[in-house]
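> In order, the protein sequences belong to chains A and B.
Quick note: to get my numbering, add 1201 to the position in the first sequence (first position is 1).
Quick note: to get my numbering, add 6 to the position in the second sequence (first position is 1).
These aren't lab readings, by the way, just hints derived from the structure by calculation.
Nothing here was measured: the structure is a model prediction, and the numbers come from that model.
By construction, the Cβ of each residue, glycine as well, lies at the ideal position given by its N, Cα and C atoms.
Everything hinted at is true.
Capping the alpha-carbon separation at 25 Å, the derived lysine-lysine pairs in DSS-like fashion look like this: (1) A:Lys1372 - A:Lys1297; (2) B:Lys16 - B:Lys63; (3) B:Lys60 - B:Lys74; (4) A:Lys1307 - B:Lys204; (5) A:Lys1297 - A:Lys1308; (6) A:Lys1209 - A:Lys1301; (7) B:Lys128 - B:Lys63; (8) A:Lys1307 - A:Lys1372; (9) B:Lys248 - B:Lys63; (10) B:Lys238 - A:Lys1209; (11) B:Lys249 - B:Lys16; (12) B:Lys204 - A:Lys1301; (13) A:Lys1209 - B:Lys235; (14) B:Lys237 - A:Lys1209; (15) B:Lys204 - B:Lys181; (16) B:Lys204 - A:Lys1372; (17) A:Lys1209 - A:Lys1372; (18) A:Lys1297 - A:Lys1209; (19) B:Lys60 - B:Lys248; (20) B:Lys60 - B:Lys16; (21) A:Lys1372 - A:Lys1301; (22) B:Lys128 - A:Lys1343; (23) B:Lys248 - B:Lys238; (24) B:Lys183 - A:Lys1372.
Derived DEER-like restraints, expressed as beta-carbon distance ranges: (25) A:Ile1334 - B:Thr45: 17 to 23 Å; (26) B:Lys181 - A:Gln1228: 18 to 24 Å; (27) B:Pro111 - A:Gln1228: 31 to 37 Å; (28) A:Lys1372 - B:Trp66: 46 to 52 Å; (29) A:Ile1373 - B:Trp19: 49 to 55 Å; (30) A:Thr1312 - B:Leu199: 23 to 29 Å; (31) B:Ser12 - A:Phe1206: 27 to 33 Å; (32) A:Lys1372 - B:Leu89: 45 to 51 Å; (33) B:Gly190 - A:Ile1373: 23 to 29 Å; (34) A:Ile1334 - B:Leu82: 18 to 24 Å; (35) B:Leu119 - A:Gly1304: 54 to 60 Å; (36) B:Trp19 - A:Lys1372: 51 to 57 Å.
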Amino acid sequence: MSKKFGIKEVVAIGIGTALFVALTEIQIPIGIPNTYLQPRMAVLAFLAAVFGPIVGGVVGLLGHALGDLIFYGSVWWSWVIPEAVVGIGIGVFAAKFAIKEGGFGKKEIITFNVAQVIANVIAWIVVAPVLDIVIYAEPVNKVFLQGAFAALGDVIIIGILGTLLAVGYTKIGAKSSSLSKED
Amino acid sequence: MSKILSYEEKETWIHRLSGVTKLIFFILWCVVSMISYDTRILIIMILFSLIIFKMSKTEWKQVGAVFKMVMLFLMLNVIAVFLLSPYQGTEIYGTRTELFPIVGPYVMTAEQLFYELNMILKYFTIIPAAFMFLVTTDPSEFAASLNRIGISYNIGYAVSLALRYIPDVQSDFTKIKHAQEARGIEMSSKASLLNRIKSVSAIIFPLIFSSMNRIDTVSNAMELRGYGKHKKRTWYRARPLKKADFLTIAFSVIFMVVALIITFWDGSRFYNPFV
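Only chain B is shown next, with the shape it has when bound in the complex:
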């Protein structure tokens, strides 16, 4: 099974923040990083997220495996963009500075390099923030704090159920897979496409049906305990928002506004060094 990111308890101020604070920070952070193509802003964001990443005492072994996978995806995407539109950068920045020809119609331009560099930077602004959000947020506390900020507790509870059951479903999946492999089902790339779909369904069928049973069991159990009888519910892991939470939220909002003002200062989301 591939390594996935999960919560680990540690004593830092980031861990002590409420889950909702971190969610708000993460969403606003994503918004800025999605909208802005301003290289200066992106570099500041990367430096800042690396600093708080360090402060959260997250270790390489918690995130390393996933990080390598992200890099692979990033590489593929960057290459695909170049192959399919080698002149996207030229179109965006409006100038054309040829550096060297590659093959046939492909000529490397400074604009394209700069455009793709920005794309890579955008990735790097999100990655540390996403890692941190996942490894420092306690799922139960997160569900409780979602409800605190006015989101229906049904949604909060569904999120907490999802986080609670991911490891269970994964272990079911591994068990079923091993059982089917023991019975001689070929899962590797040696099998033909149709056969692979067949062998995948040999795993998915039992997995879905056992999950459907689980949905029945869990919802009956919840019904017996009176879930949903009242408009409100209390949470064992609930934590009130503290001063640090408000400060962080305020900082994220101010940061977003300032970053977007700087980005759109010259009327476009792209920072253009070529004119």
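Bound-form chain A, shown alone:
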């Protein structure tokens, strides 16, 4: 990471988490029971891509735990940790994306989507089911099936909405960053 952890990152974690939690209530059912497209995942991916892995990881962790707690009154820890994996996985490429500087073009869209697919597969098809089995002793085929659907849902929503958000934001950013800033 080239940028250091500064005030902007602290605020991004705070407000990003608030956004993630507030969006917990929008869920789009896709016809498979208990599986939803979660627009909040697109927001997580976007924030990770703009602010880097630390912000992505913490927003995922804190946002999922708080969102679970506030809306459902209990925390499913084995699904909180994978959320951080997604945030970190996308966030490590943040410097490459240069979304704020208006550099999010075709090549970056491809990197972004490859990164998000890999991060989602690791998070939901490896980390989440393994934690489910280790922590909660849940049946093996159930957790892998659930994980696979979660990964699918997240890949779709991040692929569509996440990409659009990044492209949209990079267009606004390009104008303002044509002035150079003194530190």
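Following the hints, position chain B against chain A.
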């Protein structure tokens, strides 16, 4: 907007505890409840958490709506486990006591019922503790006490910002949603999948962009006031840990150790009444 859990001021000893004490209690409580499949421990935990829940004077109207939602999730999960692995219980407990056949390969076994009963109990050990943690902890004081126990104040401040801005972001969200609906965007299940993603993005785009502006505004304001200049900072709502805090923490640690010893006494995390 759905009802969410939030802090309410009341005069009880639980409210007077430091936020960190309650966090430590909650985390240790979660750890025991995650690890232990010992029915006896789980039942003791439920009884205990119901007692302190009563002591915290939390009312049904504060938590009722959320509780119903948790029950729905719990039901779905229990049914899914049965449909996908009807013999998980048999595998765990090593015996097979058939009660009655249902359809085709599905036979209800006593082991499966017992396994799923334990799953439900696990949920019920966490729910009162989680409700209580949220409705009795003052967010500002919580951020201050996180810093007290040695967590970087940046993290403490980020948590406090998050709790501070959740209602603001929610109200922005509702405003934007109403505005878009007034312009004729279909949000209900009548629209097709692709159209629904489109209408959701009609809300999310303005929401994200206004939040990005807010991040800039807030971080500029903080910079102007010299945030992060020093290694330490003081907190207006800070409260020193008192005797009750240390007692509660000590109790949680002792409880965890004892509960885990009892759970693993016979070498497995499952309490097995079938052998």
